[in-house]
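Asks: The lines below spell out each chain.
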Amino acid sequence: MVKVFIERENKIVNVNAENAKEILNKLKINPETVLLARNNELILLETKLNNNDELKLLSVISGG
Amino acid sequence: MKALALLSGGFDSAVAIYLMKDKFEIIALHFSLEPFTDDTPEKKSMELAKKLKIKNLYVINHSNEHSEITKKCDHRYYYIISRRLMYQVAEKLAKRLNCNFILDGCNLGQVSSQTLSNLSVIMHGVDIPALHPLLCYDKDQIIQLARKINTYKISEGPEMCNVLGPKHPATRSNLKIIEKEESKINVNDLIESSLNSLRKVL
Numbered sequence: 001m002v003k004v005f006i007e008r009e010n011k012i013v014n015v016n017a018e019n020a021k022e023i024l025n026k027l028k029i030n031p032e033t034v035l036l037a038r039n040n041e042l043i044l045l046e047t048k049l050n051n052n053d054e055l056k057l058l059s060v061i062s063g064g
Numbered sequence: 065m066k067a068l069a070l071l072s073g074g075f076d077s078a079v080a081i082y083l084m085k086d087k088f089e090i091i092a093l094h095f096s097l098e099p100f101t102d103d104t105p106e107k108k109s110m111e112l113a114k115k116l117k118i119k120n121l122y123v124i125n126h127s128n129e130h131s132e133i134t135k136k137c138d139h140r141y142y143y144i145i146s147r148r149l150m151y152q153v154a155e156k157l158a159k160r161l162n163c164n165f166i167l168d169g170c171n172l173g174q175v176s177s178q179t180l181s182n183l184s185v186i187m188h189g190v191d192i193p194a195l196h197p198l199l200c201y202d203k204d205q206i207i208q209l210a211r212k213i214n215t216y217k218i219s220e221g222p223e224m225c226n227v228l229g230p231k232h233p234a235t236r237s238n239l240k241i242i243e244k245e246e247s248k249i250n251v252n253d254l255i256e257s258s259l260n261s262l263r264k265v266l
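Which chain is which? The protein sequence lines are A and B, in order. The working numbering applies: residue 1 is where the first sequence begins, and numbers increase by one. The working numbering applies: residue 65 is where the second sequence begins, and numbers increase by one.
What the hints contain is simulated information worked out from the structure, not anything from laboratory work. Accuracy of the hints is not assured; some may be wrong.
Computed footprint of chain A on chain B, listed as stretches where at least three residues anywhere in the stretch have a Cβ under 8 Å from a Cβ of chain A [what the hints assert, rightly or not]:
#1 97 to 106
#2 124 to 136
#3 139 to 148
Below, computed lysine-lysine pairings styled on DSBU-like, alpha-carbon distance capped at 30 Å [what the hints assert, rightly or not]:
#4 A:K11 / B:K85
#5 A:K48 / A:K26
#6 A:K3 / B:K136
#7 B:K66 / A:K26
#8 B:K203 / B:K85
#9 B:K66 / B:K136
Per label pair, the in silico range of CB-to-CB distance [what the hints assert, rightly or not]:
#10 B:K119 / A:N30: 27 to 35 Å
#11 B:H188 / A:L27: 34 to 42 Å
#12 B:K248 / A:N30: 29 to 37 Å
The model shown is predicted, which means the values in this text are computed figures rather than measured ones. Glycine is no exception: its CB is placed at the ideal position from the N, C-alpha and C atoms.
Okay, chain A solo, but in the shape it has when bound (with noise of 0.2 Å):
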């Protein structure tokens, strides 16, 4: 079980899964609006996470 925090919404949610993908599908988050920390490193979508991981869903800024 993945702790997920959700900057935006400032909530914390545990999700079941293997990499932040499936994290951010099973939370209908489009994968283009976040960036996502774990233990204050940004990580890939694909990234395995491991039981107990703690993610950060940090919003995109882009500039503009």
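Based on these hints, arrange chain B on the given structure of chain A.
Replies: Frame of chain A; chain B shown alone:
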């Protein structure tokens, strides 16, 4: 006169460019966050640039810089620190390209992070005039304009820079706090590495 326009791929920046494009020669700059996002924002920016008849589009990959900020700075200030860094990079590029202005789609009040207080901290130290033609526009006006100029369908989808900004960020950012956070990263190195990733794609 030339302006370096920040182009995210969302509604706002395209409309801002449209409003100003007859007044300046526009050079566009997109910050890419690949591989942490996919390439959709860059593709949208390319399509928007063509639609707006912009002849020059540059892309800077900002993923390592975002990564560094995420790793070392308080996440409450991530929005402000990221944007400050982008503007400093844009300033350097604007000077290199002999641009007189930076142009963006910034507007007040869409999200809690877009306050005058934050804008003032974000722009502090940027040594080139910045134009925000949409500053007092509301979202409906921007969307209407986007439909009128036929950029709506390209920009449609999740917005990159504004609507999906943090919902609960620091809204009265204090420059001293931000500078203290920035002392945890090497801003000059990050500006340089950003500029080293510069690509001309159009």
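Asks: Now, for every hint given, state plainly whether the structure supports it.
Replies: Structure-based check of all given hints:
1. 97 to 106: As far as the region 97 to 106 of chain B goes, the hint holds, because 7 residues have Cβ atoms under 8 Å from chain A.
2. 124 to 136: Since three or more residues must qualify, the claim that chain A covers the region 124 to 136 of chain B holds, with 7 doing so at under 8 Å.
3. 139 to 148: Contact hint for the region 139 to 148 of chain B vs chain A: holds, 5 residues under 8 Å.
4. A:K11 / B:K85: Outside the cut-off at roughly 41 Å; violated.
5. A:K48 / A:K26: 16 Å, holds
6. A:K3 / B:K136: 21 Å, holds
7. B:K66 / A:K26: Since the Cα atoms of K66 of chain B and K26 of chain A sit roughly 46 Å apart, the hinted pair is violated (cutoff 30 Å).
8. B:K203 / B:K85: Given pair K203 of chain B, K85 of chain B holds - Cα atoms ~20 Å apart, limit 30 Å.
9. B:K66 / B:K136: 36 Å, violated
10. B:K119 / A:N30: 27 to 35 Å: This hint holds: roughly 31 Å between Cβ atoms.
11. B:H188 / A:L27: 34 to 42 Å: 36 Å, holds
12. B:K248 / A:N30: 29 to 37 Å: 30 Å Cβ-Cβ, so the 29 to 37 Å window holds.
Of the hints listed earlier, those the structure fails to meet are numbers 4, 7, 9, in rising order.
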